[in-house]
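Please build the complex by placing chain B on the supplied structure of chain A, with the hints as guidance.
Chains as they are written, first to last, in UniProt numbering: chain A, 1 to 325; chain B, 1 to 272.
Any given hint might turn out to be false.
[Unchecked claim] Calculated from the model, a selection of chain A residues having no Cβ within reach of chain B, i.e. all distances over 12 Å: (1) PHE80; (2) ASP84; (3) LYS88; (4) ASP91; (5) ILE96; (6) ALA111; (7) VAL149; (8) VAL156; (9) GLY178; (10) SER181; (11) SER182; (12) ASN239; (13) THR245; (14) THR269.
[To be verified] With a Cα cut of at most 20 Å, we get these calculated SDA-like pairs of lysine to any residue: (15) A:LYS284 - B:THR231; (16) A:LYS284 - B:GLN230; (17) A:LYS284 - B:ASP133; (18) A:LYS88 - A:GLN236; (19) A:LYS284 - B:ASP228; (20) A:LYS284 - B:PHE257; (21) A:LYS284 - B:GLU232.
[Said to hold, decoys possible] Now the stretches of chain B that chain A is said to cover, found in silico as 3 or more residues with beta-carbon under 8 Å: (22) 8-20; (23) 144-152.
No lab work stands behind these hints, which were simulated from the structure alone.
Ideal placement from N, C-alpha and C gives every residue a C-beta, glycine not left out.
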Amino acid sequence: MTLAKAPAVDVDGAKTRRRERPGHRSGPRPGHRAATGVGRPGFAWAAPAAVFFGLFAVVPLLMVVVLSFSRWNGLGSPEFAGLDNWRKLLDDPVMIESLWLSLLLTVLGVAVQTPVSILLGVWAAGHQRNRAVLSAIYFVPLLLSITAVSVLWRAVLDPNFGVPSQASWLFGDGNLLGTQSSALGVLVFVSTWQFTPLHALIYQGAARAVPQVLYQAAQIDGAGTVRQFFHITLPQLRNSIVTSTILMVVGGLTTFDTVLILTQGGPGTDTTISAYYMYQKAFKSFDFGAGAAVALLLVAVAGLVSLVMVRLTGYDKMRSTMEGV
Amino acid sequence: MRNRPNYLAGLGSLVWLFVVGLPLYVMLVATFQTRADYAANGPLALPERLTLDNYVNDLSEGFGQYFLNTVIVTVCVVGIVLLLVPPLAYAIVRSQGRATSTVFRLFLLGLAIPSQAVIVPMFYLINEAGLYDNLIGVILPTAAFAMPVCALILSGVMRDITPELYEAMTIDGASSRRIFFQLVVPLSRSGLSTIVVFSSLQAWNGFLFPLVLTQSTENKVITMGLYDFQTEHGVDIPGMLAAVVLSALPILLVYLFARRALVQGLMGVGGK
Numbered sequence: 001m002t003l004a005k006a007p008a009v010d011v012d013g014a015k016t017r018r019r020e021r022p023g024h025r026s027g028p029r030p031g032h033r034a035a036t037g038v039g040r041p042g043f044a045w046a047a048p049a050a051v052f053f054g055l056f057a058v059v060p061l062l063m064v065v066v067l068s069f070s071r072w073n074g075l076g077s078p079e080f081a082g083l084d085n086w087r088k089l090l091d092d093p094v095m096i097e098s099l100w101l102s103l104l105l106t107v108l109g110v111a112v113q114t115p116v117s118i119l120l121g122v123w124a125a126g127h128q129r130n131r132a133v134l135s136a137i138y139f140v141p142l143l144l145s146i147t148a149v150s151v152l153w154r155a156v157l158d159p160n161f162g163v164p165s166q167a168s169w170l171f172g173d174g175n176l177l178g179t180q181s182s183a184l185g186v187l188v189f190v191s192t193w194q195f196t197p198l199h200a201l202i203y204q205g206a207a208r209a210v211p212q213v214l215y216q217a218a219q220i221d222g223a224g225t226v227r228q229f230f231h232i233t234l235p236q237l238r239n240s241i242v243t244s245t246i247l248m249v250v251g252g253l254t255t256f257d258t259v260l261i262l263t264q265g266g267p268g269t270d271t272t273i274s275a276y277y278m279y280q281k282a283f284k285s286f287d288f289g290a291g292a293a294v295a296l297l298l299v300a301v302a303g304l305v306s307l308v309m310v311r312l313t314g315y316d317k318m319r320s321t322m323e324g325v
Numbered sequence: 001m002r003n004r005p006n007y008l009a010g011l012g013s014l015v016w017l018f019v020v021g022l023p024l025y026v027m028l029v030a031t032f033q034t035r036a037d038y039a040a041n042g043p044l045a046l047p048e049r050l051t052l053d054n055y056v057n058d059l060s061e062g063f064g065q066y067f068l069n070t071v072i073v074t075v076c077v078v079g080i081v082l083l084l085v086p087p088l089a090y091a092i093v094r095s096q097g098r099a100t101s102t103v104f105r106l107f108l109l110g111l112a113i114p115s116q117a118v119i120v121p122m123f124y125l126i127n128e129a130g131l132y133d134n135l136i137g138v139i140l141p142t143a144a145f146a147m148p149v150c151a152l153i154l155s156g157v158m159r160d161i162t163p164e165l166y167e168a169m170t171i172d173g174a175s176s177r178r179i180f181f182q183l184v185v186p187l188s189r190s191g192l193s194t195i196v197v198f199s200s201l202q203a204w205n206g207f208l209f210p211l212v213l214t215q216s217t218e219n220k221v222i223t224m225g226l227y228d229f230q231t232e233h234g235v236d237i238p239g240m241l242a243a244v245v246l247s248a249l250p251i252l253l254v255y256l257f258a259r260r261a262l263v264q265g266l267m268g269v270g271g272k
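Same shape as in the complex, but just chain A (with noise of 0.2 Å):
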């Protein structure tokens, strides 16, 4: 997960600083008249980063455009093939079946995750008296890479070696790896360790954020701790479940190096997601044009999944949680 390797991004910083900056291009604004140009810098000062960023990021997001369209084996140069390589992924039943498994790998890691990180983020709000000790704690599977939770993981999970070999009254055969459900659950349980952390921090910003005369209130209508945490900590927590729900779906349909660490794609086929086909198709079978074009899709599924929850959430125009108190 690139995005959740990648840390938060703050979302809801962007929209509302974007809309505060200061008299951009509405030229000079009242009692501003040194706003002119005097004093101010001009693009030379972007235009370092944004050549760099350009060229390494823009760019190749254009080619990779064309290289959908090219045959390409990684030796020579990129011809035009015209649709075939999206002709091709069309019939291709593994591709289907990996966008629907990247989606449903998805779900399952939002339905996980969102509990467990709300739960978490709200405990770790409160003032218990171990909660310092417990979040730092917590906090260490953030800290390794995806890589190494996932080779940690392989270690932990082997059949002969590892934990399962102790508990085959859980485990059955210990070979957690070998079915596609329990290779699914594996999967969703190792980004779910990881990434909690980062989603129980926002959920913990958030709750401590929540007014307490909401709670006050509330307590002396005599509602309980459990009745505060559905009709108050939740309902303000909403914007946060917007947040952390989209860096998730990001997250979960880029989710690549614990796949390729974890099961290759299999059993089979079985967990083949789609980042990890593109990976296969092109830099396995180097059918390079055919990678440009799963690549594709996925950034654009992915961009319409994220768009859909913006729309659907109201997430563009968001009341603020603010509202009645």
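Just chain B now, kept in the frame of chain A:
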């Protein structure tokens, strides 16, 4: 307000401690045992004899080199980010040009591009540039993909500098260069430390770019070393887990001594 202890929450927090702690315990215990002892004792038992052999072996089998390579990549990525992003963020916050706002929108779009999306053309470009299997070929895209988040963090911090300060300096006749070095940089130190942490974590933990863009042993970074160790000697569990510990050691040390800065860098939030 909520004074009654919540036993259910207390229990839940202990369950999660077990989930997080168990693999970490297995890892630490395994790395200090020989392979034979580990196989005999099983993953859960406390070791009787401790040994550092796993760490010594890993370091002599190339992990020293991988470590050094990763340090080089990380330092260069952080250097590029520190050189390019602060002027960019300054322009985003203070410039009124149309071109700058277009660039800002480009970077916002960049937030949504996963590295998997561009890995195929990146392989082509790096090959064409003659940088395949060269650390420079890993450094350049890694730095580029760390930039959007860094630009967002830093422009957020710079935006909090009050306009009066800019105006006072402008009235004194300061050039934008002087304003940048004497006002903006000193007042954005917290944001600068956050982007240093964020970009170094990206570089240290990066996997896909090195996987696709390097090949030979002398150009391996530590995540690649781990991956190869696992594919080649997957049965040597203590050695493999020692490599996991080695790969995370610098980050764990920073976590011990500068927890706040690290957490902020990881979260990608401004240094406030």
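Hints versus structure:
no.	hint	verdict
1	PHE80	holds (15 Å)
2	ASP84	holds (16 Å)
3	LYS88	holds (16 Å)
4	ASP91	holds (21 Å)
5	ILE96	holds (19 Å)
6	ALA111	holds (17 Å)
7	VAL149	violated (8 Å)
8	VAL156	violated (5 Å)
9	GLY178	holds (16 Å)
10	SER181	holds (20 Å)
11	SER182	holds (17 Å)
12	ASN239	holds (15 Å)
13	THR245	holds (15 Å)
14	THR269	holds (18 Å)
15	A:LYS284 - B:THR231	holds (16 Å)
16	A:LYS284 - B:GLN230	holds (18 Å)
17	A:LYS284 - B:ASP133	holds (17 Å)
18	A:LYS88 - A:GLN236	violated (48 Å)
19	A:LYS284 - B:ASP228	holds (16 Å)
20	A:LYS284 - B:PHE257	violated (42 Å)
21	A:LYS284 - B:GLU232	holds (18 Å)
22	8-20	holds (count 8)
23	144-152	holds (count 7)
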